[in-house]
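Taking the hints into account, I'd like the entire structure generated from these sequences.
2 protein chains.
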Amino acid sequence: MSQLKIGFIGLGYMGRPMCHNLIKAGFGVTVWNRSRPGIEFARSHGAVEASSAKEVAAASDIVVTMVKHGGDTAEVALGHNGLLSGARPGMILIDMSTIAPAEARVIAVRLKEGGVLMLDAPVSGSTPRAEAGTLSIMVGGPTEAYERALPVLQSMGSSIVHVGEENGAGQGAKLCNQVLVLVNMLSTVEALTLGAGLGLDVGRVYEAVKDGAGGSWQFENLGARLLQGDIEPGGTVETVQKDLDILMTQAGELHMTLPATSMVQQLYNAVEAAGMGKKGHQALAAAYERLTGVRIADHVST
Amino acid sequence: MSQLKIGFIGLGYMGRPMCHNLIKAGFGVTVWNRSRPGIEFARSHGAVEASSAKEVAAASDIVVTMVKHGGDTAEVALGHNGLLSGARPGMILIDMSTIAPAEARVIAVRLKEGGVLMLDAPVSGSTPRAEAGTLSIMVGGPTEAYERALPVLQSMGSSIVHVGEENGAGQGAKLCNQVLVLVNMLSTVEALTLGAGLGLDVGRVYEAVKDGAGGSWQFENLGARLLQGDIEPGGTVETVQKDLDILMTQAGELHMTLPATSMVQQLYNAVEAAGMGKKGHQALAAAYERLTGVRIADHVST
Chain A
33 MSQLKIGFIG LGYMGRPMCH NLIKAGFGVT VWNRSRPGIE FARSHGAVEA
83 SSAKEVAAAS DIVVTMVKHG GDTAEVALGH NGLLSGARPG MILIDMSTIA
133 PAEARVIAVR LKEGGVLMLD APVSGSTPRA EAGTLSIMVG GPTEAYERAL
183 PVLQSMGSSI VHVGEENGAG QGAKLCNQVL VLVNMLSTVE ALTLGAGLGL
233 DVGRVYEAVK DGAGGSWQFE NLGARLLQGD IEPGGTVETV QKDLDILMTQ
283 AGELHMTLPA TSMVQQLYNA VEAAGMGKKG HQALAAAYER LTGVRIADHV
333 ST
Chain B
33 MSQLKIGFIG LGYMGRPMCH NLIKAGFGVT VWNRSRPGIE FARSHGAVEA
83 SSAKEVAAAS DIVVTMVKHG GDTAEVALGH NGLLSGARPG MILIDMSTIA
133 PAEARVIAVR LKEGGVLMLD APVSGSTPRA EAGTLSIMVG GPTEAYERAL
183 PVLQSMGSSI VHVGEENGAG QGAKLCNQVL VLVNMLSTVE ALTLGAGLGL
233 DVGRVYEAVK DGAGGSWQFE NLGARLLQGD IEPGGTVETV QKDLDILMTQ
283 AGELHMTLPA TSMVQQLYNA VEAAGMGKKG HQALAAAYER LTGVRIADHV
333 ST
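Chains A and B supply the protein sequences, listed in that same order.
My numbering numbers the first residue of the first sequence as 33 and each following residue consecutively.
My numbering numbers the first residue of the second sequence as 33 and each following residue consecutively.
Everything labelled a hint here was simulated from the structure, so no lab data went into it.
Mixed in with the good hints, there may be bad ones.
Chain copies aren't distinguished; within one or between two, either way the pair holds.
Once the Cα atoms are required to be at most 27 Å apart in a straight line, the calculated DSS-like pairs of lysine-lysine come out as [stated by the list, open to error]:
(1) Lys-100 - Lys-242
(2) Lys-37 - Lys-100
(3) Lys-242 - Lys-274
(4) Lys-56 - Lys-86
(5) Lys-274 - Lys-100
(6) Lys-56 - Lys-37
From a predicted model like this one, the values you see are computed outputs, not experimental measurements.
Written out as structure tokens, the structure is:
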């Protein structure tokens with residue numbers, strides 16, 4: 033049993049299994065959440081409930097946040113009854129939400145003024161990997177905090193890389209990861225739609241190409257779902273659009289051209305126009321279905 | 033030692049190691065090639081030289097072609113002193129070149145009239161995998177021919193999928209594979225350029241994301257080369273442009289929208305405009321370098 037006392041805030045579909053893995057690893061965990069179901073989940077697995085972020089901080093050496101928006105992280109960290117108001121000097125905040133690198137830097141500066149160190153540590157991998165404790169975690173922030181927090185991160189992820197000592201470096205790597213995820217999703221749907229349009233059995237095409245030079249995690253995993261006509265989430269189109277907003281804002285600030293990512297964003301707008309914002313991000317195929325009249329799952333015979 | 037007698041035509045940078053693997057597998061191999069160096073290579077490893085494609089056919093049960101263009105396959109198969117003029121009924125042609133599906137179908141029909149069966153069997157994987165005998169091979173054509181040719185294919189590849197009984201099905205799968213390869217290359221250069229533009233150590237970014245949901249064969253292998261500033265081929269930009277021509281012609285014939293592939297083609301035009309047509313296909317990064325002023329390899333410190 034570890035002596036480190038952990039706080040956890042943000043018990044959504046990702047936060048719950050991550051918190052559960054901390055409890056299974058033997059950490060004492062104190063939780064707070066905006067809504068009851070997340071709290072009830074964590075209590076049923078042995079977590080202690082607090083009445084505010086401030087109370088979580090007062091009970092914890094390290095606090096993990098897994099919330100939706102940069103504004104949520106700032107509110108939980110710096111707002112009324114927030115973490116900073118209850119933290120002892122030396123506390124570490126590990127923000128595992130996906131937020132803009134610049135937001136992460138600003139929050140870190142404010143926390144440091146109060147003696148709290150921050151790591152920005154966004155994750156890649158959806159719910160199954162959160163449950164298995166095999167997330168990829170990209171970390172930015174001071175080495176001192178990284179080294180103290182490592183056992184906590186290791187309870188939730190299997191690939192943990194300290195990208196840089198600057199706060200925001202983890203979020204920057206996450207942006208690069210999202211470019212890869214989303215543009216590889218684009219290649220997946222474009223290739224499978226082409227195969228279907230050519231009149232091929234796309235199940236055979238999938239087998240023929242998945243282990244070759246065109247292979248990717250997206251193709252292997254989400255491509256397989258598309259063969260079944262399965263567009264349930266995983267990560268939703270709406271969450272993807274949030275990431276794309278961060279990406280394109282960042283690109284604008286850097287005066288950086290991201291043509292492929294921009295195309296993906298436009299195609300996801302079409303997916304949302306089709307009323308599929310709550311579907312999984314493989315619903316990108318729906319944009320191609322509209323453009324081509326071809327549905328991938330109609331061309332699988334094996 | 034197998035009793036099957038094999039012919040091999042097209043001893044370029046891919047054909048040579050493929051032919052060598054057939055010899056190593058114990059097949060007797062007769063070769064012909066347009067230029068001498070390929071013939072000398074094959075002879076030095078034990079192949080017998082013929083003076084024409086016709087002579088190769090006369091000496092062989094199965095002939096493999098690995099040439100550059102659809103027109104080359106047609107010339108070798110159907111032209112003056114071509115395979116058809118020397119083949120015994122029941123001979124099988126395995127065309128492993130990348131050509132348009134429609135061209136493969138037309139050649140197969142003409143060969144069948146002369147009693148020759150054809151498989152279109154393009155490959156994925158560049159020279160190292162050709163040397164290791166671990167190519168991915170996508171096969172279209174009659175099951176009877178596929179079953180007889182399988183031991184030959186197994187000497188050159190480790191993933192062999194019979195995509196369909198129609199000729200052109202292998203070439204169709206190859207087109208899907210090329211969409212994946214090229215658009216995953218696009219995601220690789222866009223993501224690494226973004227990381228460099230954010231001021232991150234892209235070596236760390238690479239480590240942080242390569243095994244996650246953004247991972248791909250292109251990122252892992254060609255991304256690693258870009259970190260070293262290595263843009264030597266592998267497959268060249270010029271070869272990629274040939275594949276893109278086939279793809280976009282096919283898309284036009286099908287009235288199929290391939291927006292990502294089209295963008296890749298436009299960016300490769302810029303790479304050729306920069307005089308880099310003979311470089312490897314990861315030289316796509318040069319287009320981003322021009323658009324952003326950021327060179328990936330300048331941002332690697334680990």
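Homo-oligomer pair classification [Lys-86, Lys-56; C-alpha up to 27 Å]: within (24 Å within a copy, 71 Å between copies)
- Item | Intra/inter-copy verdict for Lys-56 and Lys-37 if alpha-carbon distance must be at most 27 Å | within (14 Å within a copy, 63 Å between copies)
**OP:** Pop the pair Lys-37 and Lys-100 into one bin, within, between, both or neither, using alpha-carbon distances up to 27 Å.
**Re:** within (24 Å within a copy, 65 Å between copies)
State whether the alpha carbon distance between Lys-242 and Lys-274 is at most 27 Å within one copy, between copies, both, or neither.
Cα proximity of Lys-242 and Lys-274: across copies only (22 Å, versus 29 Å in one copy).
Check: How do Lys-100 and Lys-242 come out at 27 Å by Cα distance, when the copy is not named: within, between, both, or neither?
Finding: between (33 Å within a copy, 24 Å between copies)
- request: Classify it for me, Lys-274 with Lys-100: is the Cα-Cα distance of at most 27 Å met within a copy, between copies, both or neither?
  value: within (9 Å within a copy, 45 Å between copies)
No hint from the list above goes unmet by this structure.
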